[in-house]
Amino acid sequence: MKIFNLTRANDPAQAIAASAKARTAQQGADIRFIAGGTTLIDLMKLNVERPAMLIDINSLSLDKIEAAPDGGLTIGAGVRNTDLAHHSVVRQNYRVLSEAILSGASVQLRNMATTAGNLLQRTRCMYFRATDMPCNKREPGSGCAAINGANRSLAVLGTSEHCIATNPSDMCVAMAALEAVIHVRGSKGERAIPFADFHLLPGDTPQRETVLEPGDLITHVTLPPPAPGNRSLYLKLRDRASYEFALASAAVVITKADGKITRARIALGGVGTKPWRSMEAEAELINHAATEPVFRKAADAALRDARPQSQNGFKIELAKRCLVHALKLVTQAPND
Amino acid sequence: MTASAASSSSKVTDSDAAPVTLKVNGKHYDLRIDPRTTLLDCLREHLHLTGSKKGCDHGQCGACTVHVNGRRVNSCLCLAAMQEGAEITTIEGIGQPENLHAVQAAFVAHDAYQCGYCTPGQIMSAVALLKEPCGPDDEEVKEFMSGNICRCGAYPNIVAAIQAVRQKDKREG
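Heads up: the protein sequence lines correspond to chains E and C, in order. In terms of this note's numbering, the first sequence is residues 1 to 336. In terms of this note's numbering, the second sequence is residues 1 to 173.
Extracted from the complex, chain C is given alone in its bound form:
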């Protein structure tokens, strides 16, 4: 039962577009965008950073999770034009195929995904979780990760991957 969004959309003219400078993964982008553009759509459609995924587009699934000023947020509920001056980090800024982030490597090692669609959001949440006041137990990790839905049901392996990174971090101080 979703609303008929298309029926009441209005046309955008050039004068509706707002200038904005975004800083994403350390790089500055000067853009002119429709003010309705979410950060998620801006990243994917304007900057072609397609790692962040669109699942529900309503802040319910977490597939769009990125970091803004070091904190994880749902980029589908952020307006891009409100992010001037913010430090934005996407999955593309976390690691590279030849130089994986520890969380990415752990997801591979623990088989923490099946279809992979939720994985960028899961990893962005997991990377943020490492610095959040999350307790040591699996139950607490599950609670802190509840904003990221995995319809394949890879949850046990996602928790295992995160715990492996945390235990390694703890050992190495």
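This is chain E alone, in the form it adopts within the complex:
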């Protein structure tokens, strides 16, 4: 691990001013915020991340969950995954988020990991994590060893000829379906970023994963008020029953009236280069009866643009079945 300076920020302005001096807020950042450290320390041990300065932001009091004036929820950037998943309002009104978080990692990691850290969780692509292999995300221009390599767990949606790395987060899939908004404070003031605009597709710049710039500090995430009468659910399919990343997952938020679906929010995990909201699937569900043929059409629509690699073609059908099953469960079973 490369040596670094460790400083503790006592207020957000100080943290922002210090990090604004970074050359980039993306891969290769020379200055990094640290909170839970579960991704960052891991990658620093692998020399994938080599910051010269770490700014400890655990003293910034960003760890509160509060009711928002509009009936939604405000989640501090530093709220630990455990606290978010077990919060009574989240369990009651945003069940998909609680289920997604609890399906990821282990209790130990969820006790450490924060909301903002999870938004910035890095891919588990083995070539990204191995500095002796080519990887356009880690070393732009070096090539992608995953294409034609060990790509069984990698993405089929949103890929490019430069990168097929999967976004590994479960929390983000639920937040995509809940249409969360990410609030950032930077050197130029504050801004609110809709969830769908926060993560970037790899394109020809896979080293850029989000819209964050040097100095940007995620302060909180807001969830809109829960859609009246909705039921939500997170279904995750993986190689082990616990403590494993998704091969495919689905976050579904559905409102039904008189047997018809009146509102649908769908996001997929484990298959996309970013948390994958599928408006195509939603369009196939709206104003249709909650039946398996309709679910299947929605799943086909969600995966229509999927591009398989040499080893991960099975994910396309797996993701479809995952979504169909999630929709069956959420529309048929009582939600509590």
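Any given hint could turn out to be false.
Mimicking DSS-like on lysine-lysine, the simulated pairs with C-alpha atoms at most 25 Å apart in a straight line are [as the list claims (entries may be wrong)]:
1) Lys256(E) - Lys328(E)
2) Lys64(E) - Lys45(E)
3) Lys64(E) - Lys27(C)
4) Lys256(E) - Lys297(E)
5) Lys131(C) - Lys142(C)
6) Lys131(C) - Lys170(C)
7) Lys54(C) - Lys45(E)
8) Lys54(C) - Lys2(E)
9) Lys27(C) - Lys54(C)
In case anyone wonders, no lab produced these hints; they're calculated from the structure.
Dock chain C against chain E, hints included.
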């Protein structure tokens, strides 16, 4: 396929070392440490509390599990210099050979280990689990314990030991 960590390590000078006071098992330690030192390495190499084990060193195996402010964490992914003011509890602070914690006694009674390398982490997780919102069934215990890997495969007896403690706690209210 691991990275060549040694190739890019840099030298540490005294000026790189940061002062930190750690509170471990109720005792204060004033230290000067390289900021790269993880809590796990600090416990083992500086404080000679070698009960916490290094397995994967990447937060995947749970052998390094300790409690920070009453919650279980992977000490291999914590920087020691960030733990100023925290209450840290290791396996050495849970029980002693002549005065075992109920979970330790249950691990002995149920033969919940073979080589023993993962056991301190398993016990630290199990002790934490007793106060976590874990459901009553074996399946839920397995889920809550999935962050602790046992390559000997002592899982059935680990679950039995934990359930025995929980049932005893329930009986005694």
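Discussion item. Checking one constraint from the list: CA of Lys256(E) to CA of Lys328(E), max 25 Å. Satisfied?
Written reply: 12 Å, holds
Practice prompt. Given the hint that Lys256(E) pairs with Lys297(E), test it: the Cα-Cα distance must not exceed 25 Å.
Written response: At roughly 18 Å apart (the allowed maximum being 25 Å), Lys297(E) and Lys256(E) satisfy the hint.
Fill in: 25 Å limit on alpha-carbon distance, applied to hinted pair Lys131(C) and Lys170(C)
12 Å, holds
Item to complete: Take the C-alpha atoms of Lys64(E) and Lys45(E), compute the straight-line distance between them, and say whether it is at most 25 Å.
Response: 30 Å, violated
Item to complete: Compare the distance between the alpha carbons of Lys54(C) and Lys45(E) with 25 Å, and conclude whether the hinted pair is satisfied.
Response: Measuring from Cα to Cα gives roughly 14 Å; hence the hint holds.
Worksheet item: Is it true that the CA of Lys27(C) sits at most 25 Å from the CA of Lys54(C)?
Response: 22 Å, holds
Worksheet item: Holds or violated: Lys54(C) with Lys2(E), Cα cutoff 25 Å?
Response: 20 Å, holds
Fill in: Lys64(E) paired with Lys27(C) [C-alpha distance capped at 25 Å]
Status violated; Cα separation ~30 Å.
Discussion item. Given the hinted pair Lys131(C) and Lys142(C), is their Cα-Cα distance within 25 Å?
Written reply: 15 Å, holds
Going down the numbered hints, you'll see the structure goes against 2, 3, while the others check out.
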